[in-house]
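Participant: Sequence:
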Amino acid sequence: MTRAIRMAGAQNSWPQDVLDRALARGVRLEWPKKEEFGDLSTPMAMSLAKDMGKPPRHVAGTILESLRQIPETLSLFSKVDIAGPGYLNFFFSSPYFSDFLVQCLSGSALVDRVAIPKKINVEFVSANPTGPLHVGHGRGAAFGDSLARILREVGHDVSTEYYINDAGNQMNMLGKSVYLAFRKLTGHESSEEKVRLLGDTEGYRGDYIAGIAKEILDNPRGLPEDLREDVLAGRFTDQVQSFFTDASQRRIMEGIREDLDQFGVTFDRYFSEKTLHEKGTDGLSAIARWLARLEKESDGAVYASDGALWFRTTAMADDKDRVLRKSDGSYTYFAADIAYHADKVDRGYDIMVDVWGADHHGYQARMQAVAKVLSERAKRQVDLKICLIQLVSLLRDGKAVSMSTRAGEFVTLAEVLDEVGVDATRFSYLTRSHESALEFDLSKAKERSMDNPVYYVQYAHARVKSLLAQANSRGVEVGEFHPKDFSPLEEPAARSLIRLMAQFSGVLHRAAESFEVHPLTDYLTALAGAYHHYYFHHRILSAEDADRPVMMARIGLSMAVGRILASGLALLGVRAPDSM
RNA sequence: GCGCUCGUAGCUCAGUCGGAUAGAGCAACAGCCUUCUAAGCUGUGGGUCGCUGGUUCGAUUCCAGCCGGGCGCACCA
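Residue numbers (this note's numbering): 1 to 580.
One or more of the hints may lead you astray.
[To be verified] 20 Å max Cα-Cα, derived EDC-like pairs, lysine to aspartate or glutamate: (1) K194 <-> D238; (2) K385 <-> D346; (3) K79 <-> D20; (4) K214 <-> D261; (5) K379 <-> D350; (6) K184 <-> D157; (7) K444 <-> E477; (8) K372 <-> E295; (9) K385 <-> E513; (10) K399 <-> E415; (11) K372 <-> E297; (12) K50 <-> D20; (13) K118 <-> E376; (14) K54 <-> D81; (15) K34 <-> E490; (16) K118 <-> E477; (17) K54 <-> D17; (18) K446 <-> D418; (19) K444 <-> D397; (20) K79 <-> D99; (21) K372 <-> D418; (22) K279 <-> D350; (23) K484 <-> D578; (24) K484 <-> D157; (25) K54 <-> D99; (26) K214 <-> D200; (27) K119 <-> E513; (28) K379 <-> D441; (29) K399 <-> D383; (30) K274 <-> D346; (31) K296 <-> E376; (32) K119 <-> D81; (33) K214 <-> D157.
Bear in mind the hints are in silico, worked out from the structure with no lab data behind them.
Throw the hints in and build the complete structure from the sequences for me.
Facilitator: This is the structure:
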């Protein structure tokens, strides 16, 4: 295409600057909404026409003439049209489709690799270890995990990471909450003590707090004897605090990992915030070291004022600069975040993806400011991509399920998985753009209806598999089945199906470029639909010998569909069952 | 108050860096099982793309204002 445009430009002496500008933007290829508009199309001629002041259809005609002089055009396309206001519409030739199917069945990759693979880190979930994962975390988990899989599939070097916020007051509060629950269990509940430890805050509640206290109580080896005496006597020493904090956090992290594991989400690394605060052999914490470096090397981005250390986040449209080290010498959460991202840049990532809950959107500007400074300091291009996951509202039979984190009345991810199952939960989370709020209806997600397209897609896959089993039992060796001849597939339904199949790789690339997952979910639903349609209208297994070439081609087509469905579902973390 | 974000069919949502007659599912209505799985298929109805302006050959898409919903605005974590 680019060649054709250059050629057209040269042969018709189009202004060079117009040409350069257009080609720099790249040739945009679209999948037309309607099949009559072809398999690929480009509005290129229209934007060129604008710059040149010529009629779009005339420009399109000139490009088309040049295209015809390129040999590949003939083998790839059966037809190229000029349509509408000036679109160039391309229709793939049957040999092209046939080659595509052969390739699908050959076992080679279904997805093209990116020209320039990037080293990408995807950080997601990163929930505070102060309680079990709830439905909101689940959406982030499903999204981050699938996004990482997609990025990997298109050829990037991807690692995943969970940042554990295990430092600071929240953890102390957790320890105190469990301690108080323990006191209650041993018959020492006292509102006076609660106020002394927690002030007028409520601390963490919820059954899991009492559960952890009970575990500590029931495990005689868990709590050392001297500490046990302190606790029973109501002496809340530093040792008691750190024991309860550590034990609670460990127990909660275990639970989180179990939930994630059940959900099919694994991380290459768990990164503990606490390690950033620990002092090294030089007596400095990682945070202190990074801030000192940045203060020296960042050209004023980090500066001291009013007894505190600041970061010039206003450089990236933040409302005000932000404090890193308070005047009392302690570090803010933001400082730890900087050290963490500095560490990631140091590890050589080209792109850092941060998946956050949408309620953190106010932090974007300051983190982008940090990323900019870190990238400059590293003297290479490092991008920070922040994905904000909008909230999930849980419904049951169309009515809102109340969720109040403060009162500990949230619905946990584990509960949803128990009730709805992993496949339907993951798929439902990923059917919508992560940027729009999601209504998750428990009763509908459980139903095996079209409100729940996961079954629709899985069913299409199961259909292929049981078909192949059926074919096998009729003596067709599907095992090493590599038909070469797909010319019998002349039905329009076959053509639309293959047309859609040929988009698989492109859909993944588009998803990877925009850091989205739901295009894949939408695509799989459409592909399943096209296959159901084809299956219903065309009998695939035939008893007649004369129909054997048709049957072989249709079986091959089905196998290829099955492969794409299985591959797509795997990226979503959803099983592709052989039968349902 | 300031900032971010969303507003598309009765409902839940897509809509490709501005492009062709704005799509899908659900719900509603009407049909299809002696056949490879009916968890499926076929058809019908359903729209002021929040409102008003602007830019453009062309706006659901970009800009401004307004209306309505969500969220965020600490030397908190």
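Participant: Compare the structure with each hint and give your call.
Facilitator: Hint by hint, here is what the structure shows:
Taken as a hint, the K194 and D238 pair is honoured in the structure, with Cα atoms around 16 Å apart against an allowance of 20 Å. As the CA atoms of K385 and D346 are separated by approximately 17 Å, the hinted pair is consistent with the 20 Å bound. With a C-alpha separation of about 28 Å, the suggested pair K79 and D20 falls outside the 20 Å cut-off, and the hint is violated. Annotation: proposed proximity of K214 to D261 is violated, straight-line Cα distance about 25 Å (limit 20 Å).
Between the alpha carbons of K379 and D350 the distance comes to roughly 12 Å, so the proposed pair stays at or under 20 Å and holds. Distance hint between K184 and D157 is unfulfilled; the C-alpha atoms sit about 51 Å from each other, more than 20 Å. For the suggested pair K444 and E477, the alpha carbons sit about 40 Å apart, so the restraint of at most 20 Å is broken. A distance of roughly 15 Å separates the Cα atoms of K372 and E295; the hinted pair therefore holds under the 20 Å criterion.
As the CA atoms of K385 and E513 are separated by approximately 11 Å, the hinted pair is consistent with the 20 Å bound. Of the pairs offered as hints, the one joining K399 and E415 holds, with about 18 Å between alpha carbons and a cut-off of 20 Å not exceeded. For the given pair, K372 sits about 13 Å from E297 by alpha-carbon distance, which is consistent with the 20 Å threshold. Between K50 and D20, the direct Cα distance comes to roughly 14 Å. Compliance with the 20 Å bound is thereby established for this hinted pair.
Restraint check for K118 and E376: the C-alpha separation of about 18 Å stays at or below 20 Å, so the hint holds. Pair hint K54 plus D81 holds up; C-alpha atoms about 19 Å apart against a cutoff of 20 Å. At roughly 19 Å between alpha-carbon atoms, K34 and E490 fall within 20 Å of each other, so this suggested pair holds. Of the supplied pair hints, the one linking K118 and E477 is violated, its CA atoms being roughly 42 Å apart against a limit of 20 Å.
Among the hinted pairs, K54 with D17 is consistent with the structure: their alpha-carbon atoms are about 16 Å apart, no more than 20 Å. Taking the CA atoms of K446 and D418, the gap is about 11 Å. The hint holds against a cut of 20 Å. A hinted pair counts as satisfied when its Cα atoms are at most 20 Å apart, and K444 with D397 qualifies at roughly 7 Å. Our distance criterion of 20 Å between C-alpha atoms is met by K79 and D99, whose separation comes to about 17 Å.
For the suggested pair K372 and D418, the alpha carbons sit about 43 Å apart, so the restraint of at most 20 Å is broken. Distance restraint check for K279 and D350: the Cα-Cα separation of roughly 29 Å exceeds the 20 Å cut-off, and the hinted pair is therefore not satisfied. A C-alpha spacing of about 25 Å is found between K484 and D578, which places the hinted pair above 20 Å, so the restraint is violated. Proposed proximity of K484 and D157 is contradicted: the alpha carbons are some 34 Å apart, above 20 Å.
With a C-alpha separation of about 39 Å, the suggested pairing of K54 with D99 is violated against the 20 Å cut-off. For the proposed pair K214 and D200, the alpha carbon gap of about 25 Å is over 20 Å, so the pair is violated. Distance check on the hinted pair: K119 and E513 sit about 14 Å apart at the alpha-carbon level, within 20 Å; holds. Distance check on the hinted pair: K379 and D441 sit about 48 Å apart at the alpha-carbon level, beyond 20 Å; violated.
Restraint check for K399 and D383: not satisfied, since their Cα atoms lie roughly 41 Å apart, outside the 20 Å limit. Proposed proximity of K274 and D346 is supported: the alpha carbons are some 19 Å apart, at most 20 Å. Restraint check for K296 and E376: the C-alpha separation of about 13 Å stays at or below 20 Å, so the hint holds. A hinted pair counts as satisfied when its Cα atoms are at most 20 Å apart, and K119 with D81 does not qualify at roughly 40 Å.
Annotation: proposed proximity of K214 to D157 is violated, straight-line Cα distance about 44 Å (limit 20 Å).
Hint violations for this structure: numbers 3, 4, 6, 7, 16, 21, 22, 23, 24, 25, 26, 28, 29, 32 and 33, all remaining hints satisfied.
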